Structures are given as C-alpha cells and as structure tokens.
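Each chain is listed here by its residues.
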Amino acid sequence: MHKRQLPFILVFIFGAFMAVQYFMPHESSEFIYEFFALDWVPIIGIFALALGIWSLIKVSWDKIKHRRQDWQYSVVLLAGLFTIIFFGFFVKVGEHWEFRFMTSDGLQSYMFRHLFDYIVIPGQATVFSLLAFYIASASYRAFRARNLLATLLLSAALIMMLRFSPIPGLGEYMSKTATWLLNVPNLAAKRAIIIGIGLGMVATAMKVVLGIERGYMGKG
Amino acid sequence: MIRNVIYGILLALMSVCLALAQTDAVPQDSAGTAPAAISPPQPVTGLTAKDTPDDHGHSITLKWTLSPDDQGGAHSVRTYEVFRWVPFFMDSMHARQYSVDSLMGLQTLWRRYLPFAKDSIKYFEKSGNAETARRFADTVAYIEKRTSTLRGEIKSLQRGIENDWERAPQAHAQYPNGGEWQMVGQTFAGQGNYVNSGQKDNTASDYLPNGCNFYYRVDAVTADPKIRTSSEIVGPVQATGQWYNVGRTPSLFATGIFVLLVLLFVRAARKGKELYVRPLAGIEAVDEAIGRATEMGKPILYVLGLGTAADIATIASFTVLARVAKRVAEYQTELIVPTYDPIVMSVAQETIKSAYADAGRPDSYREEIVFFVTQNQFAYVSAVNGIMLRQHPATNVYMGKFFAESLILAETGALAGSIQISGTDEIAQIPFFVVACDYTLIGEELYAASAYLGREPVLLGSLKAQDYAKAAVIILAILGAIAVNFGWTEFREIFRVVR
Amino acid sequence: MDMFAKMMALDRRWVFLTLAIVCVVAYGLTFEVPILINDEVQSIYNFIDTLKPGQIVFIAVDYDPSNQAELQPMLYALMEQCFRKDLKVIITALSQNGPGMADQAIRDVSDSVKLDRTYNGVNYPGRTVERGKDYVFLGYKPYPSLIILGMGQNFRIPFPTDYYGTPIDSLPLMKGVINYDQVACVISLAAGNIADMWIADGQGRYNFKLAFGLTGVMGADYYPYLSSKQIFGIMAGQYGAAQYEKLTDNKGMAQDGMRIQLLAHWLIILFIIIGNIGFFASRRKLKEQGK
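Residue numbers (my numbering), protein chains in the order written: chain C, 3 to 222; chain Y, 919 to 1417; chain L, 380 to 670.
Since the hints were derived computationally from the structure, they do not count as laboratory data. All of these numbers come straight from a predicted model, not from anything done at the bench. Treat the hints with care, as some may be off.
[As the list claims (entries may be wrong)] With a straight-line Cα cutoff of 25 Å, these simulated SDA-like cross-link-like pairs (lysine to any residue) come out:
1) 178(C) - 160(C)
2) 431(L) - 492(L)
3) 1073(Y) - 37(C)
4) 630(L) - 124(C)
[Stated by the list, open to error] Which chain L residues stay away from chain Y? Per the calculated CB distances, all over 10 Å, these:
5) 464
6) 496
7) 502
8) 510
9) 522
10) 552
11) 564
12) 648
13) 657
We put the beta carbon where it would ideally sit given N, CA and C, even for glycine.
Full structure from sequences and hints, please.
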C-alpha cells in the first residue's frame, strides 16, 4: 500500500510547491527550488542514464549470447559504445595513454573530435536528410485536389514552395502571399490549437498533481 | 595575515599604476590652441531609488528626470553614471574572498600538476638525470605537505568571512563615514532609469546585500569625463525580497478559476451526472490493433517520443502505454518499447510492470520489454526504423513528443506494412503523422486519451472543465478584440502578466 | 494498369531517385536565387545592427549536427555580425551535441574575423576575438528547461565554469553580468522543443528580448509568438538563413544551398501535378464507365 501511495504523495508535494514557487520570488522559495529542481533533477538524470546504458548493454549482450536473429548489429552497437567511451576518458600523451577524469580533456582529444566530426555529424545529417525524400514522396501522395478543402491545402503548399522562384514578378508575389498565409490563416489555426493544448496541459498537470490521473503509474 | 598584507600592497601598486596610466591618457593641450570649453551640464533632478518590486531582493531601481542638457540645452550630456556609497568593509570582504578563490585555484592547479610531476620523476630517473628528478621529487613532497593543510586553511577562512558578512548592515549604517562613492552602472543619454542589481551569492564580486542602507547619486557626464554634475543624494533605501509577485496576479486568478471548474465538474461527475464526450477513432483503434497483432503473431511497437518524463505529452503517453500493456498482457502478445530518455525508460518499466500485475500476469513481465537506445535523435530513429524493418511489427503506436523524426518513423512504418496510431502535441508534426498514419490524435486529444480509455467520471469531468475554459477564452478574446479596437486598452492591461 | 493509374501510384523509389539526381545536378549549377527579405528576419538584423559596442548578445546553440544545414549558417552570420560590430557574445548549447557545433563555429568565425572585410559598404578591419573578453561559451548542461530557468536567476547557478573549465567569475565579460537582465537579447537557434522552453521558462518568466532561428518545418509554429510580441524575430529554415546572410552581406552556405532547395521544390511541384493529372483523369474515366 505504501509503495503505491508514496509516489503520489511526492508528486503532490513537489507539484504544489512548483505552482506556489511561480508566484513567490522570495529567496527562501528560490533556495528550495534551486536545491530540489536544479540540483536534484540532473543528479537523478545522470543515475538514470547509467541505468539506461546498463539496460542497453544487457539487451544487446543477451542477443549476442543467445545468437538471436540479427545479433551482429548488437556487436556493432557495443563496439561503438565502448570505443567512444574509451576516447572520452583516455588521452594519448606522448607515448602512452592517460586516463582523464573530471576534466574535459577527453572531449577535446584528437580521436574523440574525429569520431564526432567524421562519424557522428555525417551520420546524423544523413538520417535527417532522409526527411527530404520522405517529404517529397508524402506530398506526392497527399496533395490531391479531391475536394474544396484539399484544393485549398494544395494551393497553399504550392504558394509556399514557389515563394523564392527566380521568375520575375512571380517570386515576389508568391513571397508576399506566403507571408500573408503564415501570418493570418496559419496563425489563427495555430493559436486555436495552442490555446487548446495549453488548457489541456494545465488540466493534465493538475490531475497528476491532485492524484486524479494515475494512469502513468500503470493504474490505467 | 602575511598574505593579506601582500595582497594589500599589490592592490595599492595596481591603483598607482592605474592612476599613472590615466594621467598619461589625458591629452595635453598644446599652447595657444585651447579647445572650446564644455560648460558643466545641469544636474538630473527628481532622482528616486526604490527596492525593485516582485523580486528576491538584491536589486534597487533608480529613476530620474533627464538633465535639461540631455539632447537639448547645451547638448552636452553623453552618459549618466550611477554611484552608490560603498563602505570599505565591502572591499575588504571581497579581498578576503579573493584570497580564498586564489587558494582554491592553487588547489586545483596542484591537483592537475601532481600526476605530471610524478611522471616526470619516473621519466628523469629512467633517463639518468638524477638532479632534475630530485628537484621534481622535492616539489611533489612540498605540494603534498601543503595540500594536506590547505583544505583546512580554506575552510577556516571561509567560515570567518561568512561570520563577518553579518556586519554588513552596520557598516552601511555608518554613512557617510568609512566608505566611498563607487560607480555601479552607466546609461546612455536619453535613458532616465537604471536597475542596480547584484548577486545574492556573497562570494561574488558584485554581491548586493539585502537589508542594508544604500545611498545613490547620478552624475550627468559630458564628452570630457571630468566635466560632470552630480545630482542630489538619495537614500537610505534597502533591497528586500518579496513573498508574492504582484505582476503574476492574472495567472493566479486564471489558474484558481480553472482549478475550481475542474473540481466542480469532477464532483458533478461523481454524483452521477451524465457527461457526453465525442468518440475518438484513434483511441478506439488501439484495442482493435492489439487484437490484430495477436492474430498475426507479431509484436507491437510502442514509441514514447523524444520528450522527458516531465512533458505532459509523455505523461499522457504513459497512460496509453498502461492500457496497451494491460491488453498485451491479457492477449500474451509481444511488446517492444525502445526509449530515448533514461528516466522515461525507468517510468515506462514501472508502468508496464504495474499493468501486467493488474492484468493478473506479473510473471509474463520481462525487463527487456523496455530498453534505452540513445539520447541522440537520429541515432534513435535509425534504431527504431531498424526494429520496424527487421521485426515487422503488426502495430506501431507513436504517442508523446515528436520532432523532425515523425515522418521518418511513420513512413518507414508504412513501408513495413504496420497499422499505425499516433498522437502528439507538437503541432508541426501533426500533418506528417496525418499523412503517414492510420489514426492520429491531435494535440489535446492525446491528453484526453486517459479519460477516454478509463471512462472514469472523474477524468471525464476534467475534460468538461477544459471545454468551459476554452469557451471563456474565446469570449475574452472576442471582447478583447472589440475593446482594443474601441481604444479601451485598460481591458487588455487587466490580463498582462509581468515577470 | 493504364498510364493515368500509374501516374497516381508511382513507386516512391522513383521519387527518391529523381530527387537525389536533381539535388546533385543543382549543386553543380551556378545560378543565383533571388532572396527577398521578410520582416521577421529584418527585425533581428535591425535589432543587432543598432546595438552599441560592448552590449551583450546571448546566442543559444540548441541544435544537433543533423540540423546544421539550416541552422549553422545562421550562427555563422550572426556571430560574425556581432564580432564585427564589437558586440560581446555569450553562447550556450542546450542540445546534447550542440557544444560541438558551437565550438566549430567559434573557431571558424574567430578566424574569419581576423581578415579585413567590407560588409554593406562598411569596411571592418581584421581583429582578434578573445575568449572570456569578447565571447564566453558556457557549454552544455542537460535538462534545458531547468537550465533556462536557472540562468534567469544567475548564469552561475547552472554554469559555475565555462565550457573550457574556467570559473566564469574570472572572465572579464561576465563581470556584472548576472542573468538575462544584462543581455540585450537572446537568440535561440533551435531544432526541437527547446524553443518552447525559451518562451515558457525564459521569456515568459524573465521577460527578455527573444528571437528564434528555427528549422523550416518548425518555423510556421512560432508565428503566433511573433504577433503577440513574445519574440521579436524568426529566421526559418535555409531560406531564413539565406535572408540573414543577404542582410549581413556575408554570403555563406545558406545562399549557396538555395539553388538545391529551389529545384527540389520544383520537382516536388512536378510530382504533385503528375499525381493530380492521374487523379483527375482516372476519376473522369470512372465517371464515364459509371455512365
């Protein structure tokens, strides 16, 4: 029973405090806020990260050990993980490797920087650039003038895409229309959704703080 | 003691050097070509100094009427310099703090130097340079001996400083004896206000204590910094912290009314009042999709998005996950939950564990259902896409915060032939999900999911309260538009929230 | 399957392939794309252009390498403008891989500023920008919303030292700089929900001048905040970056990339037209058959 109640009591105390803190600029409230939120949360996060990495290693190791389907990918994953950790902590000084803890030397080291600049950056940019291809194929499938509303959507998309065409006159006209589209119809719709989301957020946060909403603890 | 004396001498030397440098910098007039003299400007008037409202203290707001020679009259005022009377006590405290900082710096330096020095001993011993090796050994011995006492020394100095800070109000009360005017800020011509704020941390060089009497004056300064006129002195004024931020009253009222509405509707719902909510296809599809996965004997992939456990969208997603996990446990289907945030992973594990227990199958729960992948957006996407293409899940559920990866995930899922249900409050991503998924929960529909799933009157009540609050916002927005167009700006001001 | 039905249901791999070809070909072409300036970009330029030497601009590098095509050119143009005008810059990176991006930009722009250059007809002699004096790079800390809140009280709470481990109290630039009150504006170059945090936890609480550089997809989302004056400018996507480069007269990667974007858009329009021709022709055929 206590095990189930305690989290809700904690949520209520911290949630209520955060709400009160917003209206209370005094140093005492600031102190509690800095102590609990600013100091505790990163600490919890760091310990959780350790748990996370442990879970990743465990899942990958199990796969390799039992030779489950596609276990080779797990080998690549673990090799990558340990390589980058190694170069984050060890720096080559002269002939031998030195362990550097509590300093940012590892992050500035030759190998770490090269792994970051020539593997991480291009890798991420590649996956992100897939988006351009998916957007192209998705717009090809989605933008059909099926009815009046779909036609309006299609026209707005065309105007947005033509706004920097080098065709004399057209580009400027499209650019002005695109700005109007962003500032008037887009703005009105977005605002309505934002207000809805804002109220939904307050309501959900309140339900969580007051213990009305307990689904997130698996009591769905 | 000796250290303080040395610092004193150093400070004095530095002041002399500075004074000499400034004398050098003043251009010497050549004989017979005296520049046109600037007449002293008229002083600023009406100087007021008040504690800055609605803050934690450590700040004073100054306001003044500009000098008549500011952009008018002789046009001679270039800047205003703000001076505060500061007792010598403050400088001596800062000097003491400086010595603590220096010792701490030395401590860090030594900590870094020591391994290098020890390596050097070994290196020079090996290369047969005994003399240099001995010198390094001496240094290491000295540092090790000093380090052992240094920490205690710093601690005791810090304690002394901490105790002496209590004398700050007394030192300030001695005005005008035992202190000097120090420039604390500057504004350009045309600006008649300045906020003198300092840090609350008394180890900082710009610490501004609360509860001390401050005196201020403002100088109107011309192009020649020596030609200036001082205002009258104002004071004493004290900086204090406030317990309530008046500027946020509109927020307090709005929150209060909303809380009241929610509680009222929850009470009405508990009493058995029938509350209608329109059905959401996305939510109803969840059960159907789990059934489909069971029939096909394929897993369900649940993606919680890139949000942290503190994001409302993620919290709402946990609720849907609980529901999915319960059904999955009942049907004995496989569930895969790769996560982006380690805290989200821990919460999701707990959520699923409870859901399995609620379904009466705690033994079916395995920890590997939820696992952490990476906190790198596109590496995470690659991992999830890999799972989709290799394991071909029957159903993909995306609920939570999604960014640029939404379409990459959803298109890959469509390619893999899965049924897809999505929900996010990230407006920019909603179109992508709508295009590529079978069902999409838009914005607040995701938050409402728990109420729909549970059908508990208490949760439905809060949805009703949201609707009424929305109606109120619409009415106020229309009223506001009318009021502003008719020039009644006070209506708008009622709702202004300042920091 | 007849031709119209084929036009309606092209295999997506054809779309991918033609798009890839167009991108590669466009990269080799040399024509200029005319850049028209939007008010929301102009306002950022004007604001920074009218600051006085010594005033502080806070730039938040809140994106990862994946977004560098859109956001990195903004960072380069902004930083160079600030350094050339002798403005001081405080930089943070609240995105996990942001420090690498910021560090790279600092190194490149510091080199570029050493050269004599003429921008918008004004000649700027080369100068050396110094760490701690002309700029401070505070680095990365996790949990951006908490960091933004913490900095509102004091930069020293989340960042006692800068990215390179120097205590920030010992940096000349940080003397008397406590929180957002001492900076002229904050410009967040964001590629995620950090932009929302800057509005809710930063500008909303501490009321400073805020502007955004955003990815193209996110741009449209933040116009409501522009008209409510919570932010004073938006640069959205590569087009926004190209506009800023044009304003600062400092041609870079964004203006260069506009050719590719232009031709890619034209190709997408072509595919949409093909799809719609197929759709209408098939519908007419169905109607005729129905008759």
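Hint check results:
1. For the given pair, residue 178(C) sits about 13 Å from residue 160(C) by alpha-carbon distance, which is consistent with the 25 Å threshold.
2. For the hint pairing residue 431(L) with residue 492(L), the CA-to-CA distance comes to about 18 Å; that is within 25 Å, so the pair holds.
3. Simply put, residue 1073(Y) and residue 37(C) have alpha-carbon atoms about 22 Å apart, close enough for the 25 Å limit, and the pair holds.
4. Our distance criterion of 25 Å between C-alpha atoms is met by residue 630(L) and residue 124(C), whose separation comes to about 23 Å.
5. In this structure residue 464(L) is separated from chain Y by more than 10 Å, as the shortest Cβ-Cβ distance comes to about 16 Å.
6. The beta carbon of residue 496(L) sits about 28 Å from the closest Cβ of chain Y, which is more than 10 Å, so the claim that it is off the interface holds.
7. For residue 502(L), the condition that its CB be more than 10 Å from all CB atoms of chain Y holds, with the nearest at approximately 25 Å.
8. Against the 10 Å criterion, residue 510(L) stays outside the reach of chain Y, whose nearest CB is about 18 Å from its own CB.
9. Not every CB of chain Y is more than 10 Å from the CB of residue 522(L) (nearest about 7 Å), against its label as outside the interface.
10. At roughly 13 Å, the least C-beta separation between residue 552(L) and chain Y is larger than 10 Å, which holds for a residue marked as non-interface.
11. Distance to chain Y confirms residue 564(L) as a non-interface residue, since its nearest Cβ pair spans about 16 Å, more than 10 Å.
12. Listed as outside the interface, residue 648(L) is consistent with that label: its C-beta sits roughly 17 Å from the nearest C-beta of chain Y, beyond the 10 Å cut-off.
13. Residue 657(L), annotated as away from the interface, keeps every beta carbon of chain Y farther than 10 Å; the closest lies near 18 Å.
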